[in-house]
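> Chains as they are written, first to last, in the working numbering: chain B, 12 to 360; chain F, 599 to 926; chain U, -14 to 137.
Derived by calculation from the structure, the hints in this document are not laboratory data. Check the hints yourself; a few may be wrong.
[Unchecked claim] Quick list of in silico lysine-lysine cross-link-like pairs, DSS-like style, CA-CA up to 30 Å: (1) B:Lys51 - F:Lys717; (2) B:Lys268 - U:Lys2; (3) F:Lys666 - B:Lys348; (4) F:Lys744 - B:Lys43; (5) B:Lys83 - U:Lys122; (6) F:Lys717 - B:Lys348.
[What the hints assert, rightly or not] DEER-style ranges, computed between Cβ atoms: (7) B:Asp322 - F:Gly672: 47 to 55 Å; (8) B:His98 - F:Ala669: 47 to 55 Å; (9) F:Glu922 - U:Gln115: 15 to 23 Å; (10) F:Gly618 - B:Ser351: 33 to 41 Å; (11) B:Lys41 - U:Lys128: 16 to 24 Å; (12) F:Asn774 - U:Ala123: 53 to 61 Å; (13) B:Glu226 - F:Tyr895: 51 to 59 Å; (14) F:Asp609 - B:Ser351: 30 to 38 Å; (15) B:Ser132 - F:Ser642: 55 to 63 Å; (16) F:Pro831 - B:Lys41: 35 to 43 Å; (17) F:Ser806 - B:Asp231: 40 to 48 Å; (18) U:Gln115 - B:Lys41: 37 to 45 Å.
Idealized CB from N, CA, C, for every residue including glycine.
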Amino acid sequence: MMKKCPVSALNTVLTALSGVAPLYLPVNGKGKDTRAKYTKYEDGMIYSTALNTVRSAKDFFFPQTENLVNFKVDGKNIEIIDPREEHEDFILFGVRACDYKSFDVLDRVFLSEPVDSYYASRRAHGIVFTMACTRPAETCFCTTFGIDPSEPQGDVSCYMTETDVYFDAKTEKGEVVLAKLGDLLADCEESTVNEQKELISSRMKALPLSSLSTEAFGGDKLDKLFDDPRWESLSESCLACGTCTYVCPTCQCYDIKDFDTGHGVCRFRCWDSCMYSEFTKMSAGQPRLTQMQRFRQRFMHKLVYYPANNDGLFSCVGCGRCLASCPISMNIVKVMKTLSEEAEDNGSK
Amino acid sequence: MQTVTRETLLDKASALLASGEVSRVLGWKKGEFAYDVTPAVFESAEEMEKDFVYDIFSGANFSKYLIKETAKEGKVLVFLKPCDSYSFNQLLTEHRFDREKVYAIGIPCDGMMDASTVKALAPEGLVSAERDGDNLVIHTLYDGDKILPYADNLPDRCRHCKSKKVVAYDEMLGENGDVVDSHRFDEVAELEAMSEDARFAFWQNELSRCIRCNACRDVCPACTCEKCVFDNPKSGVENKAISDSYEEKMFHIIRAFHVAGRCTDCGECSRVCPQNIPLHLLNRKFIYDIDRNYGDYMAGAEEGSRAPLVNYKTEDPEAADVLERGDK
Amino acid sequence: MQVNESNIVANEEFRPKIVAFCCNWCSYAGADLAGNNRLAYPADIKIIRVPCSCRVNPMFILRAFQRGADGVILCGCHPGDCHYTSGNYYTRRRMAMLFSMLNYLGIEKERTRVEWVSAAEGAKFAATMQDFAEKVKALGPNKRLEDLRCKQ
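Put together the whole structure using the sequences plus the hints.
Structure representation (structure tokens):
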């Protein structure tokens, strides 16, 4: 059963939700950067309706750094300390359809054998409220990857109109949480959001990137794409920074490093970026010596290698974060468009 | 108004390509939207005709790319805005590229927009933006058009422009400007006037957002080490992620210190930061301190000048005196 | 019992950890002289001998704070007396810039200091260290440039 509350009562609902479990939601930043970021809810905080948070929601399941184990050296003794704490349930509110889909991409990596218990524990405790995108941005292209922002998945999917917020429980977990809100939410017909869904669909179709196609990509396109000469020109102005990989909701590469504390070792895991010269360095050196190779790796991974291993699922969800933040504005859309042009070019030459 | 237009640059570049004077052109390539232009190398007039753009988003500093470009065969044409030309000189001072392999065209500039600045003005559904006289016109998907004064909405680096003078070029298009009174240290002075506690809180809030993507370092025309200390596993500080508040401060202090006295204050670090950290305020602190204690010095203003941190005077002030001044 | 109680009191009293970088030719010899003359200076001062004050990289200072120092002092020959002619002149500019930056980020300025101590100034060395240690002690533990991993 669909439930609703007036927009004016949203804060009361959020406060009640934060009583069920710690609640995280997008809130506009203070200081020099006023863009939205996920923040732990405290009374009076205002939910930001901004389309996307600067950093993606993957932080909650796969944080940028995570302590795995500590070693404490005392004389001839080494004490091994497991710093993990028991996770408690938490609620993520306002996750967009693209970010929600990114959890699926991450799950296939971390929850396949051998299961990553650190990630699995967080996933099991997360309750996700998604939010339909009433005002998709020009950088959105989730529909390219088969994501429908008018039908966001999750434990509870939400819709927001000028006057009301609608809640639709999709899983048992979601039902349980909504039940705890009691009278704060009123029942309503599922069809009440139909108009909203149609509006979103029509807006998605009108977006500048709506025609982007994945036709030229997929697990079977390795030979065709790997030696494409255009990787050189696409990557020539790449600065080799890690911005795209760190704002990406699906990038999942990490490194494990030891930090010498002076009295032992902190072994931690941190995000790594295929754009870095030290990425996957081994005793024999790096496998990818030039920036072109590293640049190619990122897009081949998203558009070819990942789908090859995961039933054709691309590891891009079209959230548009890299489009907005790349210092030189090179991004997956430009790569896809350029490489898709191949047939015409070959024909004319 | 931009007196030099896309057509002016295009004609000039085509002529130089045709005469064989240059074999490549470093320029801005158009993107999907108005604001996402990418630095690119063009090899023919046809390529340029198709994709070359020059507008209010052509802000990227090309000087650093010259290191890579001059290592190739033939001469490269580069367009230098005033701030780019300071970086250009600084790189020459440090012998980072071969001047003979560059044909530099100076272009005047009265401020460039960048994607994050315009997106902050129209956060939802920005279709395009252009300049119309003294106004910035922004077209949005859902809220119609917005018309704002251009000069008032420029990013910080352009609002506090230090110089409109192109200091290095083979040929100048349009009229060259002068060094201007920038007020660029006002914000630094404001911070200095705050209490230690307030300053600490300010920087904690800003620096804690750092995701250590290294974009500030990678874009910086003064950061040209073949192997950065932060990429070197043997340095002991090569940690790929911010894992502690010490790390984020250490990274930013050392980054700024390594370019102290060489930084031309082009503002690229703040432009590229995906977390909008005002990194230029760190660099400017060093420049301000250097100016006040060791005499005015503008990195890149003159080719071959000696940077203040590899120089000294016997009558330099003591560290304690410098600190007193910084904390009023 | 009494012994235990006094132990607890002693443990609670904050004793700052201080790193002193001393150049081999002047300041380290000055520290030596202080020792030979039986001049007392706090035992909390840990001296690291460097060939010249100019050898000290900004990273050394930060690293000292990271590893638990509450204050860092850098000592070298008096300007004009550098064993290598001009090393300390460079140091003076570098450290002035670095310490000014640390203070700009909100790190208390009393935690850092540059002092020139010659080989003949044993008394100055002891007095400087005494004074510096007191100032740092008054500030309390370094919280603003600490690395919690090193303190666990």
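> With 47 to 55 Å as the target window, see if aspartate 322 (chain B) and glycine 672 (chain F) comply at their CB atoms.
holds, 48 Å
> Lying within 15 to 23 Å: is that true of the beta-carbon distance glutamate 922 (chain F) to glutamine 115 (chain U)?
holds, 22 Å
> Would the pair lysine 717 (chain F) and lysine 348 (chain B) pass a check requiring their Cα atoms to be no farther apart than 30 Å?
Holds: lysine 717 (chain F) and lysine 348 (chain B) sit about 23 Å apart, inside 30 Å.
> Is lysine 51 (chain B) within 30 Å of lysine 717 (chain F), Cα to Cα?
Measuring from Cα to Cα gives roughly 25 Å; hence the hint holds.
> Go ahead and decide if the range 51 to 59 Å is satisfied by the Cβ distance of glutamate 226 (chain B) to tyrosine 895 (chain F).
holds, 57 Å
> Asparagine 774 (chain F) and alanine 123 (chain U), beta-carbon distance inside 53 to 61 Å?
Check passed, 56 Å falls within 53 to 61 Å.
> Take the C-beta atom of aspartate 609 (chain F) and the C-beta atom of serine 351 (chain B), compute their distance, and say whether it sits inside 30 to 38 Å.
Distance hint for aspartate 609 (chain F), serine 351 (chain B) holds at roughly 32 Å.
> Does the hinted range 47 to 55 Å hold for histidine 98 (chain B) and alanine 669 (chain F) at CB?
With Cβ atoms ~52 Å apart, the hint holds.
> Is the distance from the Cβ of lysine 41 (chain B) to the Cβ of lysine 128 (chain U) consistent with 16 to 24 Å?
Holds - the Cβ-Cβ distance for lysine 41 (chain B) and lysine 128 (chain U), about 22 Å, lies within 16 to 24 Å.
> Do the Cβ positions of serine 132 (chain B) and serine 642 (chain F) conform to the proposed distance bound of 55 to 63 Å?
With a Cβ separation near 57 Å, serine 132 (chain B) and serine 642 (chain F) satisfy 55 to 63 Å, so the hint holds.
> Is it true that the CA of lysine 83 (chain B) sits at most 30 Å from the CA of lysine 122 (chain U)?
Holds: lysine 83 (chain B) and lysine 122 (chain U) sit about 28 Å apart, inside 30 Å.
> For the pair supplied as a hint, lysine 744 (chain F) and lysine 43 (chain B), is the alpha-carbon distance within the 30 Å limit?
Within the cut-off at roughly 23 Å; holds.
Checked against the numbered hints given earlier, the structure satisfies every one of them.
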